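J.: Chain residues, written in single-letter form:
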Amino acid sequence: MMRARVAYAGALHGAEPAQLADGRSGVRLADGRVLAEEEVVWLPPFEAGTIIALGLNYAAHARELALQAQEEPLVFLKGPGALLGHRGTTRRPAGVKFMHYECELAVVIGRSARSVRRGEALQHVAGYCIANDYAIRDYLENWYRPNLRAKNRDGATVLGPWLVDAADVPDPGNLGLRTFVNGRLTQQGNTRDLISDVPALIEYLSSFMTLAAGDVILTGTPEGVSNVEAGDEVACEIDGLGRLLNTLVGDDAFGIA
Amino acid sequence: MAVTVPVAVPIDVAPWRLSGVVYGTLLNHRSAVAALGAAVNAPPYQAPPRAPVLYVKPRNTLTPAGASVVIPAGVPEVEVGACLGLVIGRSACRVSEAQALEYLAGYLIVNDVSVPHLPYYRPSIRHKARDGFCPLGPRVTARAALADPDALTIRVHVDGELRQEASTAELVRPVARLLADVTEFMTLAPGDVLAVGAAAPAPRVRAGQRVSIEIDGLGVLTNTFAGAGS
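Protein sequence lines, in the order shown, are assigned to chains C and D.
Under our numbering, the letters of the first sequence match residues 1 to 257, in that order.
Under our numbering, the letters of the second sequence match residues 1 to 230, in that order.
Excised from the complex, chain C in its bound form (with noise of 0.2 Å):
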């Protein structure tokens, strides 16, 4: 089942994959409307609890950023301003240099985790949708990398469309992530190889903090990231999860001269 939260019409509203008449895709909401994609204001799929993000978890994109395997995954956090829906609007600072996206495998949590085992890990998965999780390395620091100015700036982690639900997706360890910008394919990548795979990340994890229902796993980028600009349109898709579709804009359309 694939799930997602969109306002339409005054009210927020639970909606799942639906075809119009002519053909388009577009959702229909819990009370009987089918509605197009772009008639609704796509909402991140659920309500997100804490936000977990790996760094560096694919070997190639470590090499890319020239850095060296760690000992332990890095993981760092990220607030709720972060998010957005599909659909979305993103700020691209003017004057920076190399903002990127990552399309990740975003793991959402259904039942608490506390020192779980790698055979039970995924028991507690509700489900699963696509992360792009920008960055802007302009503005990276040396302290508590990656600090939030770089990493954790509103509007810059884009969820959805759909919450797939753990039953729906046999294998996280398979699928293929692909990044189109303006239509280009820039990033491709399997989850089969992330150096720290999903059960992996839930043991570890869960290891030293309670996980929750709710909380989420961004469970790192592969090689291929680029720059984008104001303008462009940043397409992530996951195998069986859908297309994720944001749009860069400039400062101008946020009042900032």
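Everything labelled a hint here was simulated from the structure, so no lab data went into it.
Bear in mind that the values here come from a model prediction, so they are computed numbers and not experimental data.
Be a bit skeptical, because a hint or two may be false.
As the list claims (entries may be wrong) - Sample of chain C residues facing chain D (criterion: CB under 7 Å; computed from the structure):
#1 Thr50
#2 Val75
#3 Tyr144
#4 Asp154
#5 Phe208
#6 Met209
The C-beta atom is built at its ideal place from N, Cα and C for all residues, glycine as well.
With chain C held as given, fit chain D onto it using these hints.
T.: Below, chain D alone, put in the same frame as chain C:
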């Protein structure tokens, strides 16, 4: 999958409840920067921080006044990070320093507990994100009740003995400046808490000890620390 906040802190000023989102600030007390000395310019840092250095204390760390904090197995001592906590009252995005305080609902005391760690380059979240590692309380005091958040004395008592005395007058970024610089890149929402940074050296405590943090006008936040097996 509603977000639950496992801590109830009395609050009788808007936003009337905490969101459960707590950010900490590293190296915002002059004593904390001074403790690093010349190291701030050496590898791996290369330069002192420019923007505020922030981190998240996730919801599993939140715990109320009076709760027992478990020190993990294999960790002999933890650090007490005694901080003034700012409680956001209305959505704060790119606020000016002159108006920043108007965005606060009030203040509370935050004990940002850490497993001692260095360097600060890319530390594991294991050091700060353990269950119960962020006591906060004892209540939210309304903004209007404090004349000046940049002139508060913070005292840490461990088992009744004074172990640290610091002042918010010694912040690298005073409260309004910090709010302006943080909200330049991330919006703080009603009920969010921003801990403004602890002084150094942080008192260290072991299992069996009792920690009280007192801040002028905000009361006392007391918690006991326990071993993993107790």
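J.: Take the hints in turn and mark each one as holding or not.
T.: Okay, the hints, checked on the actual structure:
no., hint, in the structure
1, Thr50, "4 Å, holds"
2, Val75, "5 Å, holds"
3, Tyr144, "5 Å, holds"
4, Asp154, "5 Å, holds"
5, Phe208, "5 Å, holds"
6, Met209, "5 Å, holds"
Violated hints: none; the structure is consistent with every hint.
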